[in-house]
Each structure stands twice: as structure tokens, then as C-alpha cells.
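Novice: Now for the letters of each chain:
2 protein chains.
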Amino acid sequence: MQKTFNDVLYLESGRMISPVTIAYETYGKLSSKKNNAILLCHALTGSARVAGTKDNPGWWEPMVGAGKAFDTDRYFVICSNILGSCYGTTGPSSIDPYTGEPYALRFPVITVKDMVVLQKRLIEYLGIERLYCVAGSSLGGMQALSWAVTFPEMTARMIAISTARNITPMAIAFNTVARYAITKDPFFCDGNYYGKTPPNNGLAIGRMAGHITYLSDAAFNRKFGRRYATFEGIYDFNGFFEVENYLRYNGYKFTDRFDANSYLYLLKAMDIFDIEYGYSSFEAAMARITAKALFITFTSDTLFPEYQTADLVNMMKKINNPPVWARVESDYGHDSFLLEFDKQTEHIREFLG
Amino acid sequence: MQKTFNDVLYLESGRMISPVTIAYETYGKLSSKKNNAILLCHALTGSARVAGTKDNPGWWEPMVGAGKAFDTDRYFVICSNILGSCYGTTGPSSIDPYTGEPYALRFPVITVKDMVVLQKRLIEYLGIERLYCVAGSSLGGMQALSWAVTFPEMTARMIAISTARNITPMAIAFNTVARYAITKDPFFCDGNYYGKTPPNNGLAIGRMAGHITYLSDAAFNRKFGRRYATFEGIYDFNGFFEVENYLRYNGYKFTDRFDANSYLYLLKAMDIFDIEYGYSSFEAAMARITAKALFITFTSDTLFPEYQTADLVNMMKKINNPPVWARVESDYGHDSFLLEFDKQTEHIREFLG
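So the sequence lines, in the order shown, correspond to chains A and B. Per numbering that gives the first Met the number 0, the first sequence starts with residue 0, numbered consecutively. Per numbering that gives the first Met the number 0, the second sequence starts with residue 0, numbered consecutively.
Isolated chain A, as found in the complex:
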């Protein structure tokens, strides 16, 4: 579904967007008291389609549905595509009403808070005053955190998985590789590639760098080892290992489904996110949270290392709102939140009560 708001959306940067459209899906039924709504926030390249059908599953299919962690027999689950993305919500590929052309790089830099402010409009449009829970992983976890800080009165519970108050400089470094790969692709044309050949090589290379951060050393060893995947043998200049084949395949497959400009804007939003921003200190920001909180981390996640969640947990203890922190032993790396369903389900079910 899509909803278009004509009221100006004021962004953190001071810039404005209007009209603004948000794509969303809902699952389950809103109770008559409207007190069973859960907002799920997707990660970097996800969509509103968090659950789907057996043949065409959503991005968190094993977590959302009847009897699952986010039990649609009990909860009204909402998931919307984030601002700046390319799955139905306004982003750089949308038409700029002032020019009649896609925004491209005229699109304003957006922030996680801007995404959340747009989501709030949707929640209010759906007639919900207070969310039973906001949950998300990675960039989605940043949104959950931002909800709890920005709109504490609307956020009864927060589940923040594999996330952080801000990303590490090493994570920014990976995003930088993607940024250069895309913007230096000759088909990028300063972002004005709509209707023409898009910068697929650059986007694929950027995504390959991303994939390195989603796995872990152990996952790479288990998944690929040093198996060689080619025809000519190891002395063939064009020969490759299975791990290269995986990166190539996933890198280029990604170009079929994602817009390069959206990728740049969402990486930017991730880079510049800091929960402290706009408040006098990290403590002042976190002290706004009234939600009950659950944090989930995975031991092998190097993109969002556990010490970052420790910072959040310690701060919440300090402000007398001690959260639950479930540390899950897993060697899947950052991708664990898309793979370790049983362990997450257990902790989430217990937390939601």
C-alpha cells in the first residue's frame, strides 16, 4: 500500500520535501483499543514487505506471522519502506515536482530521524497513538532507537538488534569504497542516469564491499573455504574462487533491484546517524527513552561490534532504565539477524510478553 502526504516534510537538514509518499504493509489486525501495533523497521536495502507468502517470502518471513516472534494473531504489524529508498517511498528516483524529472542528486540528504518522522505520520494516519513496540536490526535498529528517543510517548517498547548509537569509522570506510565505486562509474553521470544505462558496475562493486561486512571470517571459511570455481585452473588470469563468484553474483543481482542513488543516500544516512545529534549529550538523548528496551547482538558481528551495544546498555542503566541485552553466540557475522531466527524468536517472545 502507499499513502501520499501533501504537507511539507521538514528534514533535519532544514530542507523540505512535498509531496511525500510512503509505501507500507500491514499484517494482523489492529485491536479496537489500537494498542497492539508493532512497527518493524527494515535495514539498508529492505522493503515494506517484511512477510509474504510461502512461495514469495518477505525479508524477515520466519519472524513475522501467526505464532511467530511477531505474532500476527496477537499484533498488528506494520512495516514501511524508508525515506530515500526505492520501493515505493519517496527517494532520489521519485519525480521532483519542481522539475518533473527524478530528483537524482537534487534529493536532500536525509537522516534516520527523517525516516522516523515520516513513519510517525503513517502511524498517526493509521489512527495509532502509541506503538506497542518498535523493532529493527542494523539501520532498522537505528530507527527503533531514534523512535524511542524522538517520540518516547509513542514508543512503549523498543527492540534494537545489531545496531549502535553511530557506526564505526571502519564501517564508514566500507561505505566509502561503495561511494567511490558508484560515483566514479562513467554511467553514474552525476546521478542523472534515469532512463539511461545505470552505473551497474559501480553499484555491484559497492555491494561486494558491503557483503564482506555482512559475513564473518568464520562464515567465509565455512561457506566458501578456498574452493576454486573455474574452468581453466588456478593459473588462468580470469579464474576465480567460489567466494569471488558469490560476490560477483550477489553484487550484480543487487543492481536489478536497487537504485544506485538510493544506495548512496541510505549509506549517507547511516554514516551521519548519531543518536546524540540534536541533544546536548549522548546521556541527554538516551535519558529521553521511556520504552522498555531489548537489545540483541551476535558475537561475530564486526560491522556493529558488541561493544557498541554495551555503550547503549550501560547508558540505559545509568539513566535508570535498565534494558534486556541478549547476546547470541553465532559466527554468521552481521547477517546473523537474517539467519538466527530461533534464538531471536525466543528472546523477542519473552520480551513482548
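Mixed in with the good hints, there may be bad ones.
Repeated chains share a single entry, so a pair holds when one copy, or any two copies, can fit it.
[Unchecked claim] Each computed BS3-like pair below joins lysine-lysine, with the alpha-carbon atoms no more than 30 Å apart:
1. 252 x 317
2. 222 x 33
3. 291 x 317
4. 291 x 252
5. 252 x 183
6. 222 x 317
It should be emphasised that the hints constitute simulated quantities derived from the structure, not laboratory data.
Here the structure of chain A is known, so what remains is to put chain B in place on it, guided by the hints.
Specialist: Only chain B this time, still in chain A's reference frame:
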């Protein structure tokens, strides 16, 4: 200095190169018994110039010289540029005698063993029958290991720093990003860019990916944190963090000094290196070593994780040639071998006796 051999160099792949030139430097004086020669093997993009002058230092300046770890008052130190590189030794930018043009991608895939076989020619040319020691770090450590396995009778001692019997699939993944970045650059022209504009964007992006692997999470945090380095502020699409500035600067600076084809061939050599290759097993390969061995690792090195050196050390114990393993506590990551001079000096001095 340079020495050209006209005899055919037979490569592991079955292909041949002739003539082949090797660039080298020597430091100190060869003893009359010719028993004080130490060969230093450089890493991925190094040169023969391991030591230089105060104003123009070599790549391992603090380690090589009078009274230093590799004491030129006692030892005759040799360092040569590796096969496939671009600092005076034959590589893809050299003239192919059959065409009168640079080899470019007609250059054969080369291996670490091929590098070592060429180094052996140089050592013999210098009149040395047995090396007091062969030492190197990273790709240089692979060469040291390969010397000890391939020419045990010529290798009295081996120092292998931050290295492995083969690189991890995660390391191959980083090299893959570089490979795609270079070969998809429109200026790459299938490697035939000599005399024209070289694929500098691709090479710079590839090098950026490399730089991520040279540091550690802790080093990124200390060196850059989340400091912002731009003029317009965080909502500027073209704004950047200091870490991005570092990657950009070092990525593009690298294009002034290195040939993209050489980079591709040396990454390939690194990817396909396996000390076991050509022998019946890892144990059979390692059992050939008669050299006394010193391994040095750094705790925060994720490109060559310590567990890889543990494999080497354990195998040498198994074959009754127990080595010394110096584990150095450092949070500089893989770059530690270019930064932790005091600690390395201590261990190397003790080992060389």
C-alpha cells in the same frame, strides 16, 4: 641495481619468461665465507629499497641498518623487487620481446614460488650458496616460507611475519573488490592502457579496500574516530568524514606509484598461494623445512589472523622442527609490521643470535 637473465624462467604454470630482469639493492658487506647474507622479501607493493637515507627512507628503514634488527655491520642484506611488480623487475608493464609492446595481460599468471625461483637466481649470481636468513612479512612472509620449503638446503633461517600458508576467503573477497574496481574501469581497456590514461579510479578504489584490511577496528577508532572533515556540514551530499579523506588520499596517491596490471597479478599470486601446492599434503610440504624458524604475529591482524600462524607453528612442531612464535600485542592490525619496530627488533635480534 638490476640484473637481466637471458635463460628462460620456467613458471609453475608451465609458461616461460625470457629475458627476465630483477631489480635489487644490497646493504652491508658479504663476508669472505659468504655466510652472512640475509634476503628480505617485500610485501604486496614494496620495492627493493628496504632501506634508504634519512631524507628518503626505505620501506623498512627502522629495521635495516647499522645496529638495527637486520644489522648491516654484521649481515649482507639483499632485497629484490618481486616478479610481476613494477619497480624494475619484469612484470606486466615490461616489454614483451615477442611483440615489442608491454606484456599487459599477456603476462603469465605468476606465483610466490616463481618469485622465489627468480630470487634464487639472483642469490646464486651473487655467489651465495646458503642464506643466513630469509625474512618477510605478509606476501613477503609467504616468500620466506616458500624459500624454506622449496630450497631448504639454501635457507638456514626463516622469519615469517604476519603471514599464512594461504590467505583466507575473506582476504580473497577484498582482493575481488579491487579486481572488479580495476577491470571495470573504462580506462582499463583489457589491460592495454600503457601510454594512455591508466585506470586510476579503479586502482584507487581497489587500494581503498586494501587499506581497510591493513588497519583494525581499534586503529580506525583511534586514528579517525567520527571526525568530520568537510566544509559544508553533515547534510552536504559531498561532505565526508576524515576516514574517507584518508582513503581517498591514499587510494589516489597509490596510482602515482603503482601499475594496475602489476596490482592484479600480485593479488592473484597472493590468492592462489598455498604452501602445500605441488606437494602431497601440507605436512609433506612443511616437512621439507630444515631452517630454524621465527614467526611473528600481531594480535589485531584480521587479514592474516593469528590462527593461521598457529597452523604453521603446530605443523612445524609435529614435524619435529619447533619454531619460535612471538605473539606481539598490538592494535595496529595488519599494518603492525610497518609500525611495531621495537618489538620486532627485539625478537629478530634474539633469533638471529
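Novice: Any hints this thing doesn't respect? Which numbers, in order?
Specialist: Numbers 1, 2, 4 - these are the hints that the structure violates, sorted from lowest upward.
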